[in-house]
Amino acid sequence: MICLRAWRWLAAFAFLLAASALGISPARATSPPVPDATAPVTIWHAYRGVEQATLDALVASFDGDVNVLAIPYDAFGAKLAAAIPLGEGPDLFIDSHERLGDFIHRGLVTPLPPETLEEAAYAPQALAAVTLPDTEGRPRRWGAPLSMKSLALYVNTDLLPEAPATLEGFGELTETLPEGVFPLAWEANSAYAHAAILGAYGIGLLTEEETFGMRGDGAERSLTLVLNLLKAGVLPEDADGALVTDLFRSGKAAAVISGPWLAGDLPDTLHYEVRDLPAVADAARGRTRGEGDAPALMRPLLTVESLMISPRGATHPRAAALLAHLTSAEAGRRRARDARALSARTDAPPPSADAFLRAFQAQASLATPMPAVRAMRAVWEPASRAIRKTLRQDMAPERALEEAARRFRDVRRPPPPPKDPTVLLTVLGALSLFGALTLVHRARRPAMRARLRASLPAYRYVIHGVLLVGVLVLGPILVGAATALFAGQPHQMYYVGLDNFVDILTARSGPLFASGSFYLVLIVTVAWTACNVVLHLAIGVTLALVLSRPLLKLKSVYRVLLIVPWSVPSYVTALAWKGMFHRQFGAVTGIIEGLNDIFGTHLEPIAWFATFSTSFAANLTTNVWLGFPFMMVVTLGALTAVPKDVLEAAEVDGATPLQRLWHVTLPMIKPTMIPATVLGSIWTFNMFNVVFLVSGGEPDGTTDILISEAYRWAFTREARYGYAAAYAVLIFLILAGASTAGARWIDRSKERA
Amino acid sequence: MNKKQILNNALSHGLLLVAVAFALYPVLWVIALAFSGETTPGARAIPVPTAPTMDHLREVVSTTRPTPDGGTAWLFGQQLANSLLVSIATALVGVGVAIPVAYALARFEFVGKSGGMATLLATQMFPAVASAVPLFIMLEAMGLLNTRTGLILCYASTSVPFAIFQLRGAFETIPVDLEEAAMVDGASRFEAFVRVVLPVAKPAIAVTFLFAFMTAYNEFILAATLLSDESMFTLPVVLQRFIGEYDAQWEAFAAGALVVSIPVMALFYLLQKHMVAGLGAGGVKG
Amino acid sequence: MVNVETQGLRKSFGDTEVLKGIDLRVPEGAFAVLVGPSGCGKSTLLRLLAGLEEASEGTILFGGEDVTTRAPKDRDVAMVFQSYALYPHMSVRDNLAFGLKLRKTPSNVITARVDEAAAVLGLEPLLDRFPRALSGGQRQRVAMGRAIVRRSKLFLFDEPLSNLDPSLRTQVRVDIRKQHDRLGATSIYVTHDQVEAMTLADLLFVLSEGEVQQSGSPLEVYEDPANRFVAGFVGSPAMNFIEGCRVSADGTAVHVGEHRLTLTPRETYAPAQLADLEVCVGVRPHDLNVVTESNNSLPFSPSILETLGPEIHAHGTFGAHEGVVAVSAEIRLARGVMVHVRPTRLYLFDQATGATLR
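Protein chains in written order, with the numbering used here: chain L, 1 to 753; chain W, 1 to 286; chain B, 1 to 358.
Next up, chain L with everything else stripped away, as it sits in the complex (with noise of 0.2 Å):
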């Protein structure tokens, strides 16, 4: 009932808004406001520690007004694209090149001017790497290198004076080294590290055509090789970036493969040296060219950290200028001497006396450059699942990657053609034009005058309420919900009727519960809800009701203890419990082996986010740790208004406490607690922090909810709000929908009563 009032109220601001929403794309389109030449040149980037200090120290030396902001690096992307459409973002910015391809489609950064960059200085491969074709299809420069990154081998030099040229060769150390030492370790679930492997196989992950690069033979023997390296025990299972590094500073690996940043986790007592990747020997195999079996050598990729100009910042009188002081020989030279970063100059080498960074500077020198296309993009996370689901041996390889270039090319699909808007536009000014004359037509009526005159007082007290909630509330909720409609990107939406909706609707064609379809995120979705709230009433009545024993010692001192978890920041306490549930140190971990001294069990630490029920366990915990102590309080609340002469007459008629308890007590407290459960229910439906910070959707996004796939469409995947919308809206009408059946039957209830 409630809700279909709502709609009459949403369908008379709808063409409003609807032609505000079409009205936006044009006004978008004009350039940003041109700078003056004294106003300071704005540069972001998402440094920390070091390479920060080092960043500041050049900006310093710079002779003009720079600012510079630190921006997290989550956030980095989606401030971009927010801000410089706007005209609002930086002059330059620092990025890796791999973005180059999405920021150039929407506009967020110009070419370089020409002459800007001395070509001859740089190494080949970052040049190659920050050049793409413009619209017309010209290569052009898109930004600076500034530094080079890329995977190398860490050796534990006690360990392994000498480390094998072969990946193979690692699986002969298994028999040498000590007991519970690995021989080799990397993060062998990730697309990243395992595109090295392929790339000794001649595969990139990403075809010359944009298509997925992952597949046939040698893609296969790839997976086969890391799994057969997995079963024998030479690589850890399930490793992330964190154990990878755990097991390297513990002497429990005796090499690692990982990129630069990991030195800064090394204690100095360790001895270790970089070098270059192993070979594979399997990837010579079956090579028809002339090259006998000389084993291929294993390709990382490369990644080009560049500084990038943003369209304002071409307009930027000194933007050049700082460029080119930022990019310099010296700053090269000073970076890699402060930060320890591998400049893509070749004439800002590294000190010789730095075997480190010479040894990553050789490795950089076999790495293949990143694609930057929009492409690579959809890329990874497909990518990531195939390898996770053989390495796990949940599915043979090649099905595996089929299934991985499926998703590929889903995420890829082109966004559905621009339709007509007339009949849109026709159906709303139809219904708009209905509703202003049903308005009229009853303002019209003496009765409803008299009640519009006799409302005339409440108005003053809720005028600015209405205009507030309008005007940031309802108004951007309206515009959103329209987005819906549309598709493209941010600035330049075209119509598209109804098609996102379909699409969602029927699985983007694929089967109906695959992975990430709709509805099997819906089901994942309501799961979620039910169990949180069932655990959640639960607790918090059975803590309320032993709470409120009358006799009981020390209740506020409980009470207090007892609602601490709704005090703390919740993205605190989903931190923390992400924290908790880590494998490494987490502290269920520390359970587990406390456990196991004590009843001297042998219970192995859980990857928490390696299995759907796992991760959607650790989900579950933390949510229903944040959320139990305010049911516990409305409950308390609940209690006291609970007579209690009732209970008295109860107990007087012979009801046992848990009659009292069922037959009283519990529908006394119910016109409380209905509408909390309610009000619990969609936040927990739309309970984004706990989702996003805990599992983050791991693992393969099954933990994730409709609102946390919404966001994924709209700022990790690749940028569909329209897409996102459609989510949102569906998210909304079952909302709407469910609680409009349950007000329904609540009512329908009552009045059987």
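Everything labelled a hint here was simulated from the structure, so no lab data went into it. Honestly, I wouldn't trust all of these hints.
Facing chain W, a subset of chain B residues (Cβ under 7 Å, in silico) [unchecked claim]:
1. A50
2. P72
3. A85
4. P88
5. H89
6. L102
7. R103
8. I110
9. F241
Below, in silico cross-link-like pairs of lysine to any residue (SDA-like), each with a Cα-Cα straight-line distance of 20 Å or less [stated by the list, open to error]:
10. K178/B <-> A275/B
11. K4/W <-> G654/L
12. K273/W <-> S567/L
In this text, a Cβ means the ideal position worked out from N, Cα and C, and glycines have one as well.
Fit chains W and B to the given chain L structure using the hints.
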């Protein structure tokens, strides 16, 4: 006390102790981590700091930034002030806007009341993911991007609907007689509202204020997106930077979390005794 | 001091008409009581007078001045609420002073008046307490005090005693009347309790179903009820009614079953009009005496005795009709007795309209 009662009491205490352990464990874990000198301690079940140190706390709290005049400013202090300022302003604006609306909903009959209520409820169901981008564009048009005012407006708008529901419930529990007595005593309706209803509803208003404060104090996604000046950041944005994909500085995060949590926890405990009454007496009735 | 008058006052809530044209006339300084069963509209009428509700139709005059559309604060009335409506966030002193403060009374005047009211009502030791720390009777006195300090020309009371212990009621009732006599302001008092109404009122208005059934002094109303409703409502225990009686053809007697009761022209029965009419006979319990002879008497079968001390109420039946007889000594149960009806105290009501027949 007979045997059965003793048994019941023991059971109750047992249950409550287990619940308290569950409730406190993560908090203790964070505290232990914050004071642990050894980086990345191994898995430990008992949350006691290893090699106790104040270094992390000092490191987190003592960040600075250069000022235009060549000196340095206490960055963390500025960010803490931002967080408090934004949260208090959000709560003031949110509760301030919600109070008269909630009063009108509780006391007056007017055309559009049920429609308005339904719309408010509906706004709670629409995920922010889709409305964030239009909001962003709007704030830009108003020139409020990268300002604390813009952030406050965003937060206030999200906290208003909940505050309205909450306060409406609270106002409904206040007897109409009180206002009528005041009106007969010589107050206008508005005076009666200000001088009688508001003081009587003070506990409920305080609890609502707290919730609005917490919404703003805990939010990081919007803050990270809207603000692009380090001296403008709120603490959650600062904290978020400690947990990266490759190098999570858990100890620094824990230390920061501790500092961040203290003000809001203090406020929470100041007001918690009102919460039972406020929420139970129909506070959350939709 | 002001006289209060309403003309054709109507009030509807949606489709239900609560007041159906009330004409009230309360002279200056009078203590008027509006009495009636719950739902009769008496509280609504009081709220209309206070300005807390808006009249749908009709006018309200205070001292001849039309105040129908005035806000409550501009009517200069004081009101005591059933719930007392003490401001919980103010001390007793501030509760008393609030109305004066709102009217911007000088603070020395406020202090004087508050002290005076506190002295009169015995509230001095309580002035710094908060309402939650007061007993029911104390709260009632604060509510009274809040009205008194205002020195309004019109006092309104909305069932001010219904939340008190019965033992306190009589005393507070007397206090209220005393204060009225001391201050001399016009008072309008709403109650459903006819004892309160009878004891307090100078002027009684009996309301039922949104209409004034009868007005007059308590004795007038008691002695000469305008209709069967008023007759049954005023007086305790309530009047006995025996339906289906027939007036004799000459109009001098009424037949109750085979028993004949003489009609004595109390004021002016009009025998010609009454002759042979089917009526309802009403007689108050106190106008019945247990007798042995059957002259002008009715048979009564007592089933329960309620001993009140000085008198005993015998509940039983007159034939098929339930009724009560007030007796001075115990009578034997389970045996029919004859009760004598004082001829001058017999009331006849129209069987259809309930109007008193004269």
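Verification of the supplied hints:
no.	hint	verdict
1	A50	holds, 5 Å
2	P72	holds, 4 Å
3	A85	holds, 4 Å
4	P88	holds, 6 Å
5	H89	holds, 4 Å
6	L102	holds, 4 Å
7	R103	holds, 5 Å
8	I110	violated, 13 Å
9	F241	violated, 38 Å
10	K178/B <-> A275/B	violated, 49 Å
11	K4/W <-> G654/L	holds, 18 Å
12	K273/W <-> S567/L	holds, 13 Å
In the structure shown, a violation is registered for the earlier hints numbered 8, 9 and 10, in ascending order.
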